[in-house]
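Engineer: Spelled out from the first residue to the last, the chains are:
There are 2 protein chains.
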Amino acid sequence: MDFSSFLTSLGTSCVIFVILMLIFAWLSKKPGNAVVYYPNRILKGLDPWDGGSRTRNPFAWIHEAISASEQDVISMCGLDTAVYFVFMGTVLGILVLSSIVLLPVLLPVAATDDSVKSTSATTSKGTFSDFDELSMGNIKEKSPRFWAFLIAVYWVSFITYYLLWKAYTHVSGLRANALMSPEVKPEQFAILVRDIPPVLQGQTRKEHVDSYFETIYPETFYKSMVVTDNKEVNKIWKELEGYKKKLAHAEAIYGQSKTTRKPEGARPTNRTGFLGLFGEKVDSLEYYRGKIHELIPKLESEQKITLREKQQDAALVFFTNRVTAASAAQCLHAQMVDKWTVTDAPEPHQLIWTNLKIKFFQRQLRQHVVYFVVALAILFYMIPIGFISAFTTLDNLKKLLPFIKPIVNVKALKTVLEAFLPQLALIIFLALLPKFLLLLSKAEGIPSVSHAVRAASGKYFYFTVLNVFIGVTVGGTLFTTFKTIEDDPNSIVTVLANGLPGNATFFLTYVALKFFIGYGLELSRIVPLIIYHLKRKYLCKTEAELKAAWFPGDLRYGTRVPGDMLIVTIVLCYSVIAPLILPFGVAYFGLGWLILRNQALKVYVPSYESYGRMWPHMHKRILASLMLYQVTMFGYFEAKKFVCAPLLIPLPILSLIFGYVCSQKFYRSFRDTALEVACHVLQKSPNMDQVFRSFIPPSLRSEKNDGDLFEDALSEQVSRV
Amino acid sequence: MDFSSFLTSLGTSCVIFVILMLIFAWLSKKPGNAVVYYPNRILKGLDPWDGGSRTRNPFAWIHEAISASEQDVISMCGLDTAVYFVFMGTVLGILVLSSIVLLPVLLPVAATDDSVKSTSATTSKGTFSDFDELSMGNIKEKSPRFWAFLIAVYWVSFITYYLLWKAYTHVSGLRANALMSPEVKPEQFAILVRDIPPVLQGQTRKEHVDSYFETIYPETFYKSMVVTDNKEVNKIWKELEGYKKKLAHAEAIYGQSKTTRKPEGARPTNRTGFLGLFGEKVDSLEYYRGKIHELIPKLESEQKITLREKQQDAALVFFTNRVTAASAAQCLHAQMVDKWTVTDAPEPHQLIWTNLKIKFFQRQLRQHVVYFVVALAILFYMIPIGFISAFTTLDNLKKLLPFIKPIVNVKALKTVLEAFLPQLALIIFLALLPKFLLLLSKAEGIPSVSHAVRAASGKYFYFTVLNVFIGVTVGGTLFTTFKTIEDDPNSIVTVLANGLPGNATFFLTYVALKFFIGYGLELSRIVPLIIYHLKRKYLCKTEAELKAAWFPGDLRYGTRVPGDMLIVTIVLCYSVIAPLILPFGVAYFGLGWLILRNQALKVYVPSYESYGRMWPHMHKRILASLMLYQVTMFGYFEAKKFVCAPLLIPLPILSLIFGYVCSQKFYRSFRDTALEVACHVLQKSPNMDQVFRSFIPPSLRSEKNDGDLFEDALSEQVSRV
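Chain order of the listed sequences is A and B. When we follow the numbering used here, the leftmost residue of the first sequence carries the number 7, and every step to the right adds one. When we follow the numbering used here, the leftmost residue of the second sequence carries the number 7, and every step to the right adds one.
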């Protein structure tokens, strides 16, 4: 890709971004779109436009996003989101502080050394562009100018250590504050117990669990809830809920028809067969009512069977105070470590009930199998990625898909396509992965959704960094260099270092595309807007259906973070080689911070809260990127035959020590709840019955909740409490 | 060493052993020696000869040792000792079960293949002996007879897995039983808190600690004891105790002189200068009384100063019940993990007070520095070990020490010396190490003696196995093979495998020497007996001095286990190569089990109790020896060019998995106390004041214990308790 094509891509992206911004400013003012642009505020019962001034400055959202405090973010979108902004802010800080020193120092140092250009202009086969003049590649081998670049590596590293340390301290404080909140949160009073040993003769599972925990916690044990196999009951419940929705929909149609056509209305009909397209035609209202009438007793009897006969060897145990629950979740209960294993309970709605019954060693086995599968996938995805970056050049596409020839031959379009195609292919390809990885993570036997998301996020990170970054960098020269690596495994660093400069523009374009188009689409919410309006017009009849149409979902930081981490890795690794990438990195994280802050405050609704447990992963991965950068730089300096390159060897060691110290100082408080935090007083004494009931899954909730339903699996309240 | 020299060494050792046994049978019956042969029974207030039958069978102790139950051992000598017997029993089981299969199968298979002998009799330079005929070296390369040996490796491995699993389950049960004992043990009600953050303005350290733990444990917190810097007060106290002992000694002499010489007696005198040899001559009674009179107020004022001004940032915290203490010792208390770190308290007398103040990261740093020093020592001790095994041949000694020539030239003596010298040198050399390693372990900042002993024991194990076993094996050929290893690091296994057969007789002699002489001396207790009688005759005047003269000390399993592990490693590694070593291994552990059981029941007094925490280390090390054996066998089969050698590769992997599963299933219950164990009811409610006072170090104990002394560092009893 040459320099002009790079500028075109940059210009186009920028224009698209400005257009999307304007669209946002225009559309977000329309009252009908409020539910798309301000759903979080609406759900929280706030006025969408804060004071009702719809006619205000179209860029007021920027001011609002900047002036919103961290506490605002936490109260609007939860701690996890606030931690995500700490992550973005930290990376932004690293890049800004690096830019301040690196840009004014390194660019002149590189630009004034013309040696390479003059001597190798003919050998570089035309790929040597104006852009390269500002990079480290412009400096001739063994030049003392490398000292400036070497010191720059140290500067970037120390900036990173300093900001990461500050951020870890800050997030640790945030987590402590959230955990010591005076509000009653059900998950703080419960623990999850798994691997319960077989029940003794003449005892129910409930009695077994109750007696075990009553002996250990005679004063603070409240109740237990034995986990059941809910597959059947969930199926019936879902069917019932489906019919209830359909009935509401049919009633709405019937009501509408009364007002529009004739006063007695037209009773809606449907067919009973496959997808409502075949079979007998019946009156919908009657049919659905009949089905519901039929299913309710079926559900009730299934609930009873489930609670009585489908008990699993896992349970939720409730305590009357937070300290005991926090302490019980950390302690070893049974002499055999694989029995009565405890963990802190996640929020009720993020429990993965089907995973709770999986046994201790089976979980470990599953985890190792999943790791193995992911490692295989990472190793062998490099091959398709290599093919993608080779095939998605225009010339190749023209050969493969002759029908696109006429389109491609338009000159302007050709330049744009040439600039975007490889990156687009990469982005689409990567979009397919997260679902697969989340599936794999859930298969590990992880008990909560947030934990599974974290696990998937980690896999995704290694996937992107190893495959995209290293794959693309080394990919071009992979087959030729494969022999070199085989002969001398240490040369992988050199190969990586040699591959870096050639791909600088590719990654620059990738970063630019991601922030202009990605964040432009994010802010303008064009896709959800269109979907919402289509649904509203043609499908939705009831209020509930309408709400489902505009419900925004959460920020999905699980997939955002690996994407961001890829940018961090790219920008860090190029920061010294081609410092010009730094402003792009700053723009990516600056724009991202601004736009996502707006989205967090106004759009997204968090679907779970893990009290910032994602942070240690983010921290570790920024550090991993930094180490990759340090090692690569060592290889690059070596390749440039700079004699003082070994001076970089202490840096990766320092990073390891820094990571070790951080994990020793902070990590455990992210895994467990510190007791000094849990012992803070509550606003009011907790309603234990409510805490207990919040953990009952919806499919087991009974309308006539007279208590006798729960006598089997859900233990009775201890009399003296 | 040739075969006759081996037989001589064996015969001599056996004769010495029989003589020592007879000496024991004769001496142990004399009433005057009871305190040497039955001190443990005497200290426990039992009759030395159980029923008073002094005239019984001299070998009755064998029957007593065998018939004593595990519970007897625990009650007489503590759980740690019982666990040591489980270790010996397990190893014995492994060796016996291996012998049963390996001896009748492998010996005929090896002996009937004469190929090597016939073809290489001339090339083996006379080192090929009758003994080698029964070993794997006798089988020619690529022979299908290796199948028998390969299956034997599998048999030994599976026997080991099975018995180790059984032993781990058993020890885990023993530990649980000991921890749920209904007796009140002070350490079960206390936790050790370190890294206490700086005290807030206007608060004492005691208030700080008290308020922190009272908030978290409002109902079960009892008291706290702030750790102080006792260096000064200990010095004064030791001086005072020394003078008290000297006074008692002088009074006894004075009393004696009254009865023997004249009725008014001769007042003993001493000199005040260096070692009592120089300086002014004074009346001892007067002088010591004056000194004591002088020191008592000094001690009291120093106690006050220590308690008030020398408080450190560590404390012991006491709880009114065992479950809370067990749970508090496992929980994270502070949001910053390096503050308020908790561990379970060890027994009061094994606390290392000087280590308690060391900070979190300093402990980690110290640990890593110590590991580094030990690793260096292990690496560079190989060189002196190599020299020792080269120099301690008689010919070399004669050259170096010409004056021993006449002794050495006596033929019988020469044979004996030739057989023993290298082994003796090795044993003496190894005896110097443990002290040094214990010192290093204490420098790590470990808070309890038993933990330091475990850490030292681990270092000693790696030392012995790496240096003695691998050093001696590879040593002879080290300098010639060093080049090979440098060229191809994988060849270390081959070098080891090639070195093994040549050293078989060396190790056989080593094992035989260790059990005949070592256990013979152990049982007969000749050295302590002589020392005791000398002291009694010339030094001891008071009862206390006499008791100190015969006090037996503990079993010292910390140094025994690495020694035993060396034997295990040797016997395992040779078990298939030269199965004839197995009976020697069986004899070592059989005799050891028997004789040490006698010693445990009658002689040694445990100096601390760690509730079997040594077991996971023993387990891990047996497994490490097994893996070394498996890897070495693979190398040996490869060296013998047996095509199916790769069939051994699954074994080390299986060992790793086995070790992982064991540590997952059992290990945590050895680190922490399981709550289901701690919640067992006590015989009587604990006297908390007594529990608290048992942790006050002797130098801080006050005779007029009116409480006001403790108001500073030792917190007041909480009023409501």
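Warning: the hint list may mix true and false statements.
Repeated chains share a single entry, so a pair holds when one copy, or any two copies, can fit it.
What the hints assert, rightly or not - With a straight-line Cα cutoff of 25 Å, these simulated BS3-like cross-link-like pairs (lysine-lysine) come out: (1) K365 - K250; (2) K172 - K345; (3) K148 - K287; (4) K547 - K36.
Rather than coming from a laboratory, the hints here were simulated on the basis of the structure. Remember, it's a predicted structure, so these values are computed and weren't measured experimentally.
Engineer: Now tell me if each hint is right for this structure.
Structural biologist: Cross-check of the supplied hints:
no.: 1; hint: K365 - K250; verdict: neither (37 Å within a copy, 63 Å between copies)
no.: 2; hint: K172 - K345; verdict: between (40 Å within a copy, 18 Å between copies)
no.: 3; hint: K148 - K287; verdict: neither (85 Å within a copy, 82 Å between copies)
no.: 4; hint: K547 - K36; verdict: within (22 Å within a copy, 105 Å between copies)
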